[in-house]
Structures are given as C-alpha cells and as structure tokens.
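Using the sequences plus the hints, can you model the full thing?
For the record, the sequence lines run as chains A and B. Just so we're aligned, residue 823 is where the first sequence starts under the working numbering, counting upward by one. Just so we're aligned, residue 33 is where the second sequence starts under the working numbering, counting upward by one.
Hints are supplied without guarantee of correctness; some may be wrong.
To be verified - Now the stretches of chain A that chain B is said to cover, found in silico as 3 or more residues with beta-carbon under 8 angstroms:
(1) 906-913
(2) 1067-1076
(3) 1200-1211
As the list claims (entries may be wrong) - Chain B is nowhere near these chain A residues, computed Cβ spacing over 10 angstroms in every case:
(4) 875
(5) 898
(6) 937
(7) 988
(8) 1103
(9) 1107
(10) 1119
(11) 1157
(12) 1182
(13) 1217
(14) 1226
As the list claims (entries may be wrong) - Below, in silico cross-link-like pairs of lysine-lysine (DSS-like), each with a Cα-Cα straight-line distance of 25 angstroms or less:
(15) 1136(A) / 883(A)
(16) 943(A) / 904(A)
(17) 904(A) / 103(B)
(18) 904(A) / 1061(A)
(19) 1176(A) / 943(A)
(20) 1237(A) / 103(B)
(21) 1134(A) / 103(B)
(22) 1136(A) / 1146(A)
(23) 896(A) / 883(A)
(24) 1226(A) / 1061(A)
(25) 960(A) / 103(B)
(26) 1064(A) / 1221(A)
Keep in mind that the hints were calculated from the coordinates and are not lab data. A quick note: this is a predicted structure, and the numbers were derived from the prediction, not measured. In this text, a Cβ means the ideal position worked out from N, Cα and C, and glycines have one as well.
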Amino acid sequence: MNISRRGLLSFAGGAAAIAGLNACGGNSGGLTSGSSASNGAALTQWYHEYGEQGVEAAVRKYASAYPNATVEVKWNPGEYMKLLNSQLLTGDVPDIFESENGATVDMINAGQVEDLTELIKPYVDQFAPSVIERFTFKDAIWSIPQTIDCRVLYYRPSLLATAGLSAPTTLTELLTTADALTTDTRGGFFGGNDGGVTVMAPLFIWASGHKELNGERTELGFLDDSFYGVVSEYAEWYKSGKGLLKAASAEWSSAAPFINEECAMQWTGLWNLPEVLAAHGDDVAVMAMPAMGSSGTQAIHFGAYGSCAAVKGKDPAAAKEFIKWLWIDQEDYQVEFADSFGTHIPAKPALAAKATKLASGPGATAAQLVAEHGFTADIMWSGALGTAYTDAVSEVVVKGVDPKQAFQALAETAKTELAS
Amino acid sequence: MPTPVDPESRSPTRPGPGFRSRLAGRHNQNLWQAAFVTPFFCGLAVFVYIPIVWSAVLSLFEARNTITPTKFVGFANYGRLLNDEAFRSSVGTFIVFALFIVPLTFVCSLGLALLLNGMPRFQAFFRSAFFLPAACSYVVAAMVWRFTFFSGARFGMINSVLSGFGSQPVHWLGGENSWYWVALVTLRLWLQTGFYMILFIAGLNRIPASTYEAAALDGATGWRLTRYITIPQLKATSAAVTMLLVINAFQAFDEFYNLLGSIGSYPSHARPPLVFLYLISLGGSQLDLGVGSAGTMIVTAIIVVFGLVQNWVNHRSGAEERS
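See below:
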C-alpha cells in the first residue's frame, strides 16, 4: 500500500497523514540500522515512512554503500514533518534529512539548514527546473531534490469511446463528460470525500492561469473575476449533484474507487499507477487537469522531497558530501529509488528514460506533463494560508457562499501571514 | 492562636525531639510522604507545569520553529486569534458539541447506572459490558464510524439500510448537511457513557440503605424514591460528572480529526478549538508555537471560567439547601 507519499502533496494546512490510516503502511517502526564503513564521521539520516515495500531496505543499502562515513538511517513512521520540526529544535538533530518540498521557509529563516548552492551549482541544469525553482529561496538552494510525485486525472478511454466523447480539454468539458459517464452505480468524477474541494482548490488557481502570490510575495495573486467564475462553475456542478461522486470507499489518495469502478474518472496520485494498471490493463490513461476559464492552462500538481543538511549536525561538511554522493552522483540508485517501489519521477528528467514505468503509456504521459505543466505551492504559502484558502473554496463549493464574500477574509489573512 | 502541641512531645521524661526527627515526622511519616510524592511531582513538573509556563511565555513571542524565541510581540498572537472569525466559530462549534454531548451522556450514564443498580442478577456482567467501549481508542472507533457506519458511499452500512427503505444515500460527513453531528455525538456517547455510568454507580453505592428504608416507611416508592432520595443524594457525583464532561468536550480532538480529517486537510465545518489550533500552528509543515500557545492559553482560560462558574453555582445551591 502506498500511504505516506500522499502527504507530500499537501496543499491545505492540515497534517500530512491521519493516524488511523497511517497504521497500515510499512513494516518496522523507528529502528535504526548502522552501516559499517572504515572510518570518518558517523552521521544519521532521516526518512519519512514510505508506504511501498522495499524502500526502507533500499535506503539502508545506499547508506551502507557510502565509503567515506558511517551513515545510520532512521525510518520515521507517523507525522514526519512534525517530528522533524520538533527534533530540529533539540540538540540532537539528524545530520541529513528529507523534507517535503525541500527545506521550509521556517527552517531556512531559523538557520537550521545548510546552504547547498555550491554543491548543486555544477549540476543544476540536470534537475527539473520547476523543482529547482521551488527549492530556491533568498537566491540559494537549500535542498537536493530526491524524486518527484504527482497527481493526475485517471480515466478509461473505453468508457469515453462508448459514450462517443473525447478527452476533455476545458473544465466545462470535464464536467459535462463526467455527467455523461455517470450511471446508477458509477459516479462520473471522484476527487475525495469532501466533494473534491481539497484537491481541486490549488488547481482552481493554477489551471485558471494564476499564481498563488504576486511577484513580490506580498499579497495573493489570483483574486479576480476569472478565478471567481471558475470556482462558481465547479460549485454549481457540485450542487447539481449529477456527475460528482461525493463519497467513495476510500480517500482521493487511494485509487480504490477508480479500481472498483465506483467512478469513471479519478484525480489521484501517479504512485497508484501499478495497481491501476493491474486492474484495468491497457484501458487506462492519464491527463492533466484541463484548462479552466478563458485564460487557463493545463495543470498538474507535483511535490518533491528534498535532502537537507542540518547546521547543528555533528559534521555538516561530511553530511553535504554524502548528500552530493547519493542524490547527485549515484544515478543508478536515483533511478531505482524512483522506479522500483511505486511510480515516481526521478528529479533529473534525463533519468526518466531509464525508469521502466515511465518509458511508455500513462507513466510517460505523466512524466512529460509534470515537466511541461507542473505546479506546486509557493514556498511562502504557509499552512495557515493554505487552510484559510481551502476553507474559502469549501464555503463557496459546499455551502454555496458568494465567492467574492468568501475570499474577502482570505486576503486579510494573507496580508498578515506574508508580512510576518 | 496558640499552636497545638503534639501530646507525645510533652512527656516530661523525654527531651524534645531533634530537628531532624521532627522533620521526618512520627514513624518517619513525612519522609515516606516525600518519598512517594516526589517522583510524581517531578513528572508533573517536567511534563505539565513547566510546559504550561513555557507555553505562556511562548504565547508572547513570535516563535516559528523555535522554543527559545527572541522576538517579543506582546499580545499580538492573542489579538490575531481573537480577531480571527475561524477561531471564534471554533468556540461556537464546541458549544454546539457540548450542548449535545453533555446532557446526553449525563442522562444515558445515569439511566444505565439506575437500571443496573436495580438489577437482581447479572449486574457485574452488564457493568463490564457497558464499560467495555471505554477501553476502545477514539482513533479506532472513528475509523469504524467513518468507513463502516457513516460512510457516505452507496454501500455504507447505514446508507445500505436506508436504501432498503427506498431512501437516497446520505452524504454523512461531507458538510453539505448537518448529519455529521450524528456521527460525532454517537461516537463519543458510545465511548464515554460506560465510564460515567461507573462514576454514578459508585455514587449510588454511597447512599445508605437506611435512607431508602426510612423513605419506604414513609410510603415513598418507585419514581418518588428516585426523585426525592437518589437524585439529591447524587449531587456531588453529578457535579463532578458535569464538570468532567464539559472539560472533555472542550478538549475534543481525536474523533473530529479522525472522522472528518483527510490527508493534508481538514474540512471547514466542525472544527473545535483544538483542531483549529492544531491546523494553524502545526498544519502543513510548519511549527508556529507562538500562535498555538496563545490559543491554548485562551482555551485554558475558558475552561477555568467554566469551572469557576460551575463551582459557584453548586456552592450557591448547596448553601440554599442548608439554609
């Protein structure tokens, strides 16, 4: 099962994974295992609990293969980012750790992470530009990208063909297609048990041709009529209650509803691709969220874990060396890490060609979509802001509040958040 | 006022005890007391008192990703929260929740206690059976409620039953309607009724049988016994139960979070204070301890006010009865 990867793409402020669901991932808990190296520094490296079988063994293998230091891997089940943030406040910090979408603004401002700009500079062109842009803050790069995850829209070409439709290219078409594919026992579109609000919220911004914040990151960059129109359109569709599957056997992050044929189309993670292919064979295709409104563009939501070195670590220089060795030099490991345990995209686009799951079919489509239409939340888009934004979208969609009114308070929240 | 003197120390043949043995007390009582209390007190201090004080300090600072903040902001964090419509509405959510759950649990647990108390046989069995849910974790119960009973899908348990009656499936937890309150309230009711039932049974056992006998001699039976003997005699227990129920309702987190929360998000409806604070201070990948601490201070203050008001009401009604 693939559980904890989903938290990576969190956009709203909530916690990465709820405890109860999290309980079924992974195997061993919190054990550390050492690697035997000749001499040099003894470093600790932290990972969150990846849900797929075999990831833990793989990262331990990488650590013990490192010749210049002893690297001890710690595997952390549970709410990783909270655990990490708390641990970084203590005297006993992990020397090397992964962090959702790279080091956070707070980590950088609090001086907890090393500047890795010099380390990555000679190789920066090899990495996906969108990820590097996201990992850059105050003209420096603070983390080395590990892999990229993304969410895509899964659909069944055969269902579209039977209905005499082609793949939707606008939000309006998506909604009518979903309505057309709805039957008594099958919903048209599923995006979560909240009516798709959480997963659709960021897409309303990006696919309507906006960014979360203005260029100077001082205020919101999307509150105009075309954006309101897009949210209203979805809200009316939600209210009509036809093609939207509002509740299913699992959350959006699991492909179970799509696999069980509870819905004709589902917005979920690329990481579910192996299970989906096993269930529906060739009759599976993926696409980005279609353009919304008049000046829209296709959009796909990605996230990337980045590897960071702690300033307070035992030997930051040695930690940086290890990060360079693993996430820049060892391309075989990078491919294995992305490709062998689920479907993820290597942080270096050139390596995607070596990844078997991305070579053809939906995997290849997704890799290309991420490169061309990938979006992720701005580094200054804080949890508080994300929560307030998703709340406002929910007010409009679920409660039918007028968008102008619902987003009024958000602009205020944004001002205080961005000023601090 | 003269200090009372320990009669033993007045024995003329013995000299007064030395400072050390006086400190140790009779039979080393004080020493033993210290030995038993100290470990617990240390635990309390380290895990409760110091964090409370620290939290109060943090609430006056901008404390993002640090527990040793340097930027003093006065009451800005408090101001931010009190001006936040979402925080105020979270207090409203708590009040709605408390209005449902406190009287319901009170009536159900008292009712069960009275029923069990009157049972001639199998009392122990039923007591255990009703108490058993208290051993279940909120998280586990929330999962069962969420995915089995109150799943909004066509094939959710309650929806399946409803469809048998020809009704459309209900989207229980989605926030379009207010049905999520049914899930929230029944969950907590199921989990906690047994515990409060035990408290009431303990209270019932403290009422002397002679009181009932005297009332029976005066001709009181059935409901009149309950109304005029049992319920007044349970006053102290009732006050304690109400207090605990209100405080626990205020601290509700687990069932809300696990019943309604999703990966990376929590819907905008049904957000009690602790869930709200969790989202804004620890949500996403942030650690905003200043605002979070200010919020916990406000919540603590409200609980204290509730407690004081209740205490005052109890004392007043107690005084009236005596006069």
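Now for the hints, and whether the structure bears them out:
1. 906-913: It holds: at least three residues are needed, and the region 906-913 of chain A offers 4 whose Cβ sits within less than 8 angstroms of chain B.
2. 1067-1076: holds (count 7)
3. 1200-1211: holds (count 6)
4. 875: Since the minimum Cβ distance to chain B is about 20 angstroms, residue 875(A) lies beyond 10 angstroms and the statement holds.
5. 898: Residue 898(A) clear of chain B: closest Cβ-Cβ about 14 angstroms, beyond 10 angstroms.
6. 937: Holds, since 17 angstroms exceeds 10 angstroms.
7. 988: Holds, since 29 angstroms exceeds 10 angstroms.
8. 1103: Since the minimum Cβ distance to chain B is about 25 angstroms, residue 1103(A) lies beyond 10 angstroms and the statement holds.
9. 1107: 25 angstroms, holds
10. 1119: For residue 1119(A), whose nearest Cβ neighbour in chain B is about 24 angstroms away, the distance exceeds 10 angstroms, so it holds.
11. 1157: The assertion about residue 1157(A) holds, with a minimum of 27 angstroms to chain B.
12. 1182: Nearest chain B Cβ is 30 angstroms from residue 1182(A), so the label holds.
13. 1217: At roughly 6 angstroms from the nearest Cβ of chain B, residue 1217(A) sits no farther out than 10 angstroms, so the non-interface label is violated.
14. 1226: Answer for residue 1226(A): holds, closest chain B Cβ roughly 16 angstroms.
15. 1136(A) / 883(A): With Cα atoms ~22 angstroms apart, residue 1136(A) and residue 883(A) stay inside 25 angstroms; holds.
16. 943(A) / 904(A): Status violated; Cα separation ~30 angstroms.
17. 904(A) / 103(B): Status holds; Cα separation ~23 angstroms.
18. 904(A) / 1061(A): Cα-Cα ~37 angstroms, so violated.
19. 1176(A) / 943(A): Roughly 24 angstroms separates the two Cα atoms, so the pair holds.
20. 1237(A) / 103(B): Cα-Cα ~20 angstroms, so holds.
21. 1134(A) / 103(B): Satisfied, since the Cα-Cα distance of roughly 21 angstroms is no more than 25 angstroms.
22. 1136(A) / 1146(A): Status holds; Cα separation ~17 angstroms.
23. 896(A) / 883(A): Distance ~13 angstroms between residue 896(A) and residue 883(A) Cα, so the pair holds.
24. 1226(A) / 1061(A): 18 angstroms, holds
25. 960(A) / 103(B): 21 angstroms, holds
26. 1064(A) / 1221(A): This hinted pair holds, its Cα atoms lying about 17 angstroms apart.
Checked against the numbered hints given earlier, the structure breaks hints 13, 16, 18 and satisfies all the rest.
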